[in-house]
Amino acid sequence: MSELWQAEKGSRLLLMGNDAIARGAMEAGVSVAAGYPGTPSSEIIENLARAAQDRNIYVEWSVNEKVALEVAAAASFAGLRSMAVMKQVGMNVAADFLLHLTQYGTRGGLVLVSCEDPGALSSTNEGESRFYTKMMEFPLLEPGDFQEAKDMAKWAFQLSEEIRNLVMLRSVTRLSHSSGNVVMGDLPQVKARARFRHQGGLLDTMGGPIINLPGTVHFLRQKQQEKLRKAAQIFDTSPFNTYTGPERPELLVITSSTCTLYSKEAVHLLGVQDRVGILKLGTTWPLPKGLIEEYLAMTDKVLIVEEVLPFMEDNVLALATTLVPRIGAKTFFGKHDGSIPTMHELNPDIVVAALCRILNVTCGTVPEAYVRRATEIAPAGAPARALTFCPGCPHRASFWSIHNALELDNRKGFVCGDIGCYSLAAGPSGFETLRTLHSMGSGTGLASGFGRQVQFGLDQPIFAVCGDSTFYHAVMPALVNAIHNKADITLIVLDNSGTAMTGFQAHPGLKVNAIGEDVPAVDIPEICAAMGAKVKICDPFDLDETRKTLLDMIEEEGVKVVVLRQICALSPEKKGAKAYKMAVNETVCLGENCGCNRLCTRIFKCPGLIWDEKKKVAMIDEVICAGCGVCASICPSGAIERKEAA
Amino acid sequence: MCWLPASESCFSPQIPKGRAHMIVALEPTEAIRVLKDYGNPEVKVLCNTRPIYSIGVICGEHTYPAMEDVEKWIRELSQLAWFIDATDEAIKLGSFILGNVISVGALAATGVLPLDRTHFEAVLTRRMSPDKVALNLSAYDLGAAMIPQ
Numbered sequence: 001m002s003e004l005w006q007a008e009k010g011s012r013l014l015l016m017g018n019d020a021i022a023r024g025a026m027e028a029g030v031s032v033a034a035g036y037p038g039t040p041s042s043e044i045i046e047n048l049a050r051a052a053q054d055r056n057i058y059v060e061w062s063v064n065e066k067v068a069l070e071v072a073a074a075a076s077f078a079g080l081r082s083m084a085v086m087k088q089v090g091m092n093v094a095a096d097f098l099l100h101l102t103q104y105g106t107r108g109g110l111v112l113v114s115c116e117d118p119g120a121l122s123s124t125n126e127g128e129s130r131f132y133t134k135m136m137e138f139p140l141l142e143p144g145d146f147q148e149a150k151d152m153a154k155w156a157f158q159l160s161e162e163i164r165n166l167v168m169l170r171s172v173t174r175l176s177h178s179s180g181n182v183v184m185g186d187l188p189q190v191k192a193r194a195r196f197r198h199q200g201g202l203l204d205t206m207g208g209p210i211i212n213l214p215g216t217v218h219f220l221r222q223k224q225q226e227k228l229r230k231a232a233q234i235f236d237t238s239p240f241n242t243y244t245g246p247e248r249p250e251l252l253v254i255t256s257s258t259c260t261l262y263s264k265e266a267v268h269l270l271g272v273q274d275r276v277g278i279l280k281l282g283t284t285w286p287l288p289k290g291l292i293e294e295y296l297a298m299t300d301k302v303l304i305v306e307e308v309l310p311f312m313e314d315n316v317l318a319l320a321t322t323l324v325p326r327i328g329a330k331t332f333f334g335k336h337d338g339s340i341p342t343m344h345e346l347n348p349d350i351v352v353a354a355l356c357r358i359l360n361v362t363c364g365t366v367p368e369a370y371v372r373r374a375t376e377i378a379p380a381g382a383p384a385r386a387l388t389f390c391p392g393c394p395h396r397a398s399f400w401s402i403h404n405a406l407e408l409d410n411r412k413g414f415v416c417g418d419i420g421c422y423s424l425a426a427g428p429s430g431f432e433t434l435r436t437l438h439s440m441g442s443g444t445g446l447a448s449g450f451g452r453q454v455q456f457g458l459d460q461p462i463f464a465v466c467g468d469s470t471f472y473h474a475v476m477p478a479l480v481n482a483i484h485n486k487a488d489i490t491l492i493v494l495d496n497s498g499t500a501m502t503g504f505q506a507h508p509g510l511k512v513n514a515i516g517e518d519v520p521a522v523d524i525p526e527i528c529a530a531m532g533a534k535v536k537i538c539d540p541f542d543l544d545e546t547r548k549t550l551l552d553m554i555e556e557e558g559v560k561v562v563v564l565r566q567i568c569a570l571s572p573e574k575k576g577a578k579a580y581k582m583a584v585n586e587t588v589c590l591g592e593n594c595g596c597n598r599l600c601t602r603i604f605k606c607p608g609l610i611w612d613e614k615k616k617v618a619m620i621d622e623v624i625c626a627g628c629g630v631c632a633s634i635c636p637s638g639a640i641e642r643k644e645a646a
Numbered sequence: 001m002c003w004l005p006a007s008e009s010c011f012s013p014q015i016p017k018g019r020a021h022m023i024v025a026l027e028p029t030e031a032i033r034v035l036k037d038y039g040n041p042e043v044k045v046l047c048n049t050r051p052i053y054s055i056g057v058i059c060g061e062h063t064y065p066a067m068e069d070v071e072k073w074i075r076e077l078s079q080l081a082w083f084i085d086a087t088d089e090a091i092k093l094g095s096f097i098l099g100n101v102i103s104v105g106a107l108a109a110t111g112v113l114p115l116d117r118t119h120f121e122a123v124l125t126r127r128m129s130p131d132k133v134a135l136n137l138s139a140y141d142l143g144a145a146m147i148p149q
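Same order as they appear, the protein sequences are chains A and B. Take the first sequence: its position 98, counting from 1, is numbered 98 in the numbering used here, and each next residue is one higher. Take the second sequence: its position 4, counting from 1, is numbered 4 in the numbering used here, and each next residue is one higher.
FYI, nobody ran anything at the bench for these hints, they're computed from the structure. Nothing here was measured: the structure is a model prediction, and the numbers come from that model. A virtual CB, placed ideally from N, CA and C, is assigned to each residue, including glycine. Treat the hints loosely; a few may be bogus.
[To be verified] EDC-like, lysine to aspartate or glutamate: derived pairs with alpha carbons at most 16 angstroms apart: (1) LYS72/B x GLU376/A; (2) LYS17/B x GLU42/B; (3) LYS44/B x GLU61/B; (4) LYS92/B x GLU622/A; (5) LYS614/A x GLU573/A; (6) LYS17/B x GLU622/A; (7) LYS534/A x ASP488/A; (8) LYS44/B x GLU30/B; (9) LYS511/A x GLU586/A.
[What the hints assert, rightly or not] Covered, in the sense of this in silico footprint (three residues per stretch, anywhere, with C-beta under 8 angstroms from a C-beta of chain A), are these stretches of chain B: (10) 1 to 14; (11) 28 to 38; (12) 43 to 54; (13) 57 to 69; (14) 107 to 120.
Between the sequences and the hints, there should be enough to build the whole structure, so can you do that?
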């Protein structure tokens, strides 16, 4: 999509929010962009990586979000405009450095993009990162539509340089991954030159060393808070805070981000444009106080619509309390009174329901008879569709072996899980093998902890799993901890040659990086051996070998690492090629008389292996089957045949 | 499921419940799943007839409904429904994935959306290599031919 950086000023493109943010950064002349893959943020770095050569940008998939922010900060310190990109959970990884970074401040404009996942559509949590801006005292911007995603991303760099501190640009799934029309701006010719000026005095924030020290903290914090006050002043007249509606609305909706679009849709659906005004805030921390006071004064009732927690609501409520002597008390609706839910993503229907209640109107809906009939039909007509591993996924094979090894060992051993596609192994598709699941690298940390409970009688075998990208991100320190503290655990590294869950991005295990450079691969088994673990490498598609290796390793003392190496079924390298042509021999298949009660379809459950209701035998779904060949090893009768594909 | 709000009076990327004008289903039971939340008596449905079995069905926990029932229910819950064998025709053309493009051709031919072949060809030409353009146009035309005019 070179269109993204070749489209001229004034041309109109249909862009995803993430495309628009990338374009905005390029229009600001960004020189360095670093991030870690995470839905819904990944396309921003991907777009910048594609443009890297043409636009002279250094783009990096860093090993984790903390390092990504450090890489971006280094660029800022050298006078370059830079961007760090991550999802909400990545913000937590970056937080330690962020605290120090924002206390001191920045030089070249630095924009921190946080793409959140309200409703946990692609996350194991519904965390929020807006609070970092309040807690660590730096500004927050929230684009309300696709044009703003571009325009505000661009402006954020300018703002950052004006106040000499970084700026957060917050997006959500429905902005990052939805598309809308965007009019392009100018793409400048960037002549960036990096120079880290550090020889000035200790208090010279633009030319001295960039150091936070106990003795300088209060000097720095005073400057930091001045910067925030300056931002607040700028925000009071920002064009990204807009109002649509009557001069004296019966109800004022204060909203931000994509909730703006839901609110507009709701007002339009109900036809209450003459009763409801929408104050859309693009600058949400610090609050534009003068502006908010102006609009609060025009009404008695206020509905605050935001995702996920009442960040804006609490800040507006606090402000409104101080304004009572001047403009009187207002009635607030939002998360605190239950008008808007405190969890899950929002949609137009939720805002419609809130407006109907507050304004005492009804909304035309689908006839009851239709709804009743659709609800009646749905259970039989649309059987539930659970998440599962893709056909041909190495994880299905890995967890088949891990699960079986633990059952055979018979000591109630368990696996501490981690983050990636393999997180699904907490569910039926991975035979419910994972018994804990938290954040990146936490599986190994927990295992290290469990591994030191022998003195309290814990005698269960302890496993942790992680992916190849996860290994570099956060597992390495936890593995050192386990080895050094003699925690007897087995780490299984599921190496599928890429950061698969998020779209197959590069990581340090590969020989090519985000911008296509040839780079040294950092070898996982070598690292583990150098740390002092016993290491074995296996192909998870070889079920017998994998099970044998696992059972052998359980018996060994000390920290063991088994690397299960097999490329992801969807890897671009594979080009969708099938290794094998699979078929079920109908005469050999025992059907429902299969001693293991239809082991292949009832237990293994690959979507490519289905059940023929008429013939009462298993069969291959040709369209779905990826030709990995593993199911041939599952069938106890040998009824599944595999032939090498032409 | 993806929403495609395509008009000047749409603001939200999510379509409000019960307000779909057209549902394009790549799989039959998915049509019913979406009709439950977004359907209404006036909705139209374009449905690919090839089932994709969920693991709940594969392992025997759930039963996949008979196609005659699925078709009957979809017609009950819509004003107009078209059923096409997009996947089977795509396999004849060379790859099952062309079923998606066949569906686009069929969708255009229903006339529910302001889509036509010239737009599709223009986008294809912009985004794909010349050898792929021809194949995709054939798939489009095949799909369009599946809708009686």
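Verification of the supplied hints:
Proximity of LYS72/B to GLU376/A is assessed by CA-CA distance (about 14 angstroms); at most 16 angstroms being required, the pair is judged to hold. Between LYS17/B and GLU42/B, the direct Cα distance comes to roughly 14 angstroms. Compliance with the 16 angstroms bound is thereby established for this hinted pair. Our distance criterion of 16 angstroms between C-alpha atoms is broken by LYS44/B and GLU61/B, whose separation comes to about 31 angstroms. The straight-line distance between the Cα atoms of LYS92/B and GLU622/A is roughly 13 angstroms, inside the 16 angstroms bound, and the hint therefore holds.
A distance of roughly 38 angstroms separates the Cα atoms of LYS614/A and GLU573/A; the hinted pair therefore is violated under the 16 angstroms criterion. Taken as a hint, the LYS17/B and GLU622/A pair is broken in the structure, with Cα atoms around 35 angstroms apart against an allowance of 16 angstroms. For the hint pairing LYS534/A with ASP488/A, the CA-to-CA distance comes to about 11 angstroms; that is within 16 angstroms, so the pair holds. The hinted pair formed by LYS44/B and GLU30/B meets the criterion: a straight-line CA distance of about 14 angstroms does not exceed 16 angstroms.
Straight-line distance between C-alpha atoms of LYS511/A and GLU586/A comes to about 45 angstroms, which puts the hinted pair past the 16 angstroms bound. Residue count for the region 1 to 14 of chain B with a Cβ under 8 angstroms from a Cβ of chain A: 6. That meets the three needed, and the coverage hint holds. Here the region 28 to 38 of chain B counts 6 residues with a CB under 8 angstroms from a CB of chain A, which clears the bar of 3, and the coverage holds. Interface restraint, the region 43 to 54 of chain B with chain A: holds (4 residues with C-beta to C-beta distance below 8 angstroms; minimum three).
Note: the region 57 to 69 of chain B has 9 residues with beta-carbon separation from chain A under 8 angstroms; the three-residue rule is met and the coverage holds. Note: the region 107 to 120 of chain B has 0 residues with beta-carbon separation from chain A under 8 angstroms; the three-residue rule is not met and the coverage is violated.
In summary, the structure is inconsistent with hints 3, 5, 6, 9, 14 from the numbered list given earlier, while agreeing with the others.
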